[in-house]
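*Asks:* Sequence:
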Amino acid sequence: MAKLCLMFFYSITTLVLSRSISCARIICNNSPFPELCNSLIVPKLESRESQIKASMSQAHNLSMTSDDRLIQLAEGGEIKQVDLVVAQDGSGDFSTVVEAIEASENRRTGTERFIIYVKSGVYVENVIINSSMPNLTLIGEGIDATVITNNKNVNDGYETYNTATFKILGSGFVAIGITFENTAGPEKLQAVALLSASDLSAFFRCSFKGYQDTLCVFQQRQFYRECDIYGTVDFIFGDAIAVLQDCNIYLRKPLFGQQNTITAQGRTDSSSVTGFVIHNSRVMAAPELTLADGWVRNFLGRPWRDYSRVVFVKCNLGSLIDPQGWMSYHDRSAFDKLYYAEYMNSGEGANTTGRVRWPGFHVLTSDQEAEQFSVRNFLAGDSWIPQTGIPFDSGI
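Reading the sequence shown from the start, the letters are residues -18 to -1, 1 to 378 in mature numbering (1 follows the signal peptide of the UniProt record, and there is no 0).
Some hints here could point you the wrong way.
[Said to hold, decoys possible] Here are the in silico distance ranges between beta carbons for each label pair:
hint : residue 1 : residue 2 : range
1    : Gly239    : Glu94     : 48 to 54 Å
2    : Ile110    : Asn298    : 34 to 40 Å
3    : Thr334    : Phe238    : 36 to 42 Å
4    : Thr272    : Glu107    : 42 to 48 Å
5    : Thr335    : Gly139    : 42 to 48 Å
For the record, the hints were derived by calculation from the structure and aren't laboratory data. Each residue gets a CB set at the ideal place from its N, CA and C atoms; glycine is no exception.
With the hints as constraints, model all of the structure from the sequences given.
*Replies:* Structure, rendered in structure tokens:
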């Protein structure tokens, strides 16, 4: 009898199985031995940190063959086969992410979702997901376990968009449990960890580490859930329709004389539907940015383009946020054309009484007013995020 073994349980959303126990035991409620079946499943964990540690521990014991791999991206969802495995120790199909992605073009059928599992390790690579590679999923073994890293930067002669360690052009991209990193450092200026121009893309429990221009949310519809983003200057930038939900945003120590700005949104037209919504997230100092660095001013964002649009909703803003909240990009910033808003934020940095007095800055006063920036309305997320298997809150 074909058998399935529960090999990897990533909270309630990521589950990797292999054949070594009976299929009946997978559906515990219908099993004649529900207690035994349930004892094989990692219990729901109480905190995000313990979930990540447990998933990493489980993942280190994975043993999968090329014809014997299954994955379930959502509880009760369709069970799908892992198409390729990347492992630096030679236990997978390929030892690099680039090799696996290149191979996927020849191994896939049409535009069906193609799943690549990347085992723990530090992969020093520059990866490009071309537009000819839609519906690609990369699953790692957790933040800081599976790391894709490089150090291209503007100071060494690259254009900003060509510094990206990981660049995505194909639509429908999904990443789970991976750290994307650019280690160039603040002295190298712009250095992108990840650039996404992928429509209907989603990231779950990923980390994006860099300094200036860490995460380029370039264009199209994008969703980030329970991710960590580290940076200094304009480190979430671009002109996508993007929602970051339940994320941790860490401000790092910049070059002396620089000011930290979380967002630099680039909307160029009042009729454009683009913008960034930061929802139910936390803004705080990274360990390297201490109280001793009192010369560093930290802002929620600045208008990269005239119609820049950014909204912080129900976030916890640490005391490091400057009372003004927002800063100009240059002396000619169009303060009457941009749209910056805050709603029901908490924390020592959330007091809006000292905020900028720009015509384009707004303090929202009701759920009804803020609901336009929900996943449901701003991102039309109800129509496509469920298919990714990633959890989300539809409303504000």
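*Asks:* Of the numbered hints stated previously, which ones are contradicted by the structure, given in increasing order?
*Replies:* The structure conflicts with hints 3 and 4, although it agrees with all the remaining ones.
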